[in-house]
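Residue numbers (our numbering), protein chains in the order written: chain A, 414 to 685; chain B, 791 to 910.
A hint or two may mislead.
According to the in silico footprint, chain B covers these stretches of chain A (three or more CB under 8 Å from chain B) [stated by the list, open to error]:
hint : segment
1    : 415-425
2    : 534-542
3    : 545-559
4    : 580-590
5    : 644-655
6    : 663-676
Honestly, the hints are just simulated from the structure, not real lab data.
C-beta atoms are modelled at their ideal positions from N, C-alpha and C, and glycine is treated no differently.
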Amino acid sequence: MTKGEKARSEILALRNRSPPGKVEVWELDMSKYSSVLAFGDRLRTLSRLDVLIANAGIDTNQFERFEGCESTITVNVISTFLLAMLATPKLRETSVTKTTSSHLVVTGSVVHIFAKHKQLSTPRLGQIFATLSDESTADMSDRYYLSKLIVLLGVRQLAIMISRSAEIDHSSVILNCVNPGWCKTELFRTNDGGFGGRIGLRLIGRTAEEGSRTLVHAAVAEKPTHGKYVSDCRIKPESSWVRSEESSQVEERLWIELLDILEGIRPGVTNL
Amino acid sequence: MRFIVSKNSIARKSPFNFITILPLFLSFQLQLRTIAQDLSIRTCKMGLPGDILQMQRGQIFQTPFVPSVDLTGQTVIITGANTGLGFEAAKHLSVYYGHNCCIKLTPSFAGTNSTLRTSS
Numbered sequence: 414m415t416k417g418e419k420a421r422s423e424i425l426a427l428r429n430r431s432p433p434g435k436v437e438v439w440e441l442d443m444s445k446y447s448s449v450l451a452f453g454d455r456l457r458t459l460s461r462l463d464v465l466i467a468n469a470g471i472d473t474n475q476f477e478r479f480e481g482c483e484s485t486i487t488v489n490v491i492s493t494f495l496l497a498m499l500a501t502p503k504l505r506e507t508s509v510t511k512t513t514s515s516h517l518v519v520t521g522s523v524v525h526i527f528a529k530h531k532q533l534s535t536p537r538l539g540q541i542f543a544t545l546s547d548e549s550t551a552d553m554s555d556r557y558y559l560s561k562l563i564v565l566l567g568v569r570q571l572a573i574m575i576s577r578s579a580e581i582d583h584s585s586v587i588l589n590c591v592n593p594g595w596c597k598t599e600l601f602r603t604n605d606g607g608f609g610g611r612i613g614l615r616l617i618g619r620t621a622e623e624g625s626r627t628l629v630h631a632a633v634a635e636k637p638t639h640g641k642y643v644s645d646c647r648i649k650p651e652s653s654w655v656r657s658e659e660s661s662q663v664e665e666r667l668w669i670e671l672l673d674i675l676e677g678i679r680p681g682v683t684n685l
Numbered sequence: 791m792r793f794i795v796s797k798n799s800i801a802r803k804s805p806f807n808f809i810t811i812l813p814l815f816l817s818f819q820l821q822l823r824t825i826a827q828d829l830s831i832r833t834c835k836m837g838l839p840g841d842i843l844q845m846q847r848g849q850i851f852q853t854p855f856v857p858s859v860d861l862t863g864q865t866v867i868i869t870g871a872n873t874g875l876g877f878e879a880a881k882h883l884s885v886y887y888g889h890n891c892c893i894k895l896t897p898s899f900a901g902t903n904s905t906l907r908t909s910s
């Protein structure tokens, strides 16, 4: 039995309410664009899609390549935004036909405040992702933080795109970037921040259940959360760098580059 | 015997027993909370230290709540739901809003390298 099937049976075992909803397991490998694309095509066959929680991510300190890019960047950033782009048309459609708000939630993290943002502002024009995927210069201890910073910047830009498209068909897709907090999950299995990290997690860490409430909140949050960083079930300011002048230029450069990459994976995917 | 009695009497007279400590402890916590709130307003322009204070405040004092809403008939997709946060969120969404709420779980199997973790 796969992990997914096991999760499904555990969820079904919990529910004794009637009438029961459906729980399905769909296979998705975020390290392969082909898998993400197949998943995107499959969700187009749904009759409706109200909420997508793009939550899958990895944290590793070993350099590895998936699909030509460094693995954390591929999984946490490129595949995540590819999935978001593929799902947006369906979310918009549902929002229009059912006259509701649909939600797109991307799991970010508070650790974006620690990211060494120089890695984004120093590379030459159009070279950010290429530089990050250079094994000789990659700072892997900072990589997870940086990937979550890119996710946050990307969410802000994607929110602008979604708002623009909403003016055309009056759809209401709410996109937000959620911080679940520091949680006792498998994410820190090998990269747990040493002794201090373990003690800290024991003292102030949340259980996965408590952390998951933030995802649930973001998945049903109101319009003001659109394009915002949501933490502890409320809108919070992003890191000081993200709010600075410098970051808005980096954000735009980064977004143009990311759109190029996504267009390279499937032409036309970024036309929302 | 005498020793035990004297020890008990000391304990009874001590101002630091549980009942006196409790309000002190609570008021201390309240003070911490107000200090933290006060700080968060000022921390917005403090750079990284401010960001860290903000983070600590959220992590320690702002326990997330379970929002109440009805998702009847809706379809929800959660990626990375085979473990951790995604799995717990799926449980919440299916149990609390369980009427015909259709949930697709997507376990993401990121590579076979043992250092990689599907997350959360």
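For each hint, the structure was consulted:
1. 415-425: The restraint on the segment 415-425 of chain A holds, since 8 of its residues have a Cβ under 8 Å from chain B and three suffice.
2. 534-542: violated (count 0)
3. 545-559: Since 0 is below three, the answer is violated.
4. 580-590: Check failed, 0 qualifying residues.
5. 644-655: holds (count 8)
6. 663-676: Coverage by chain B is violated here, the residue count being 0 at a Cβ distance below 8 Å.
Going through the hint list in order, the structure does not satisfy hints 2, 3, 4, 6.
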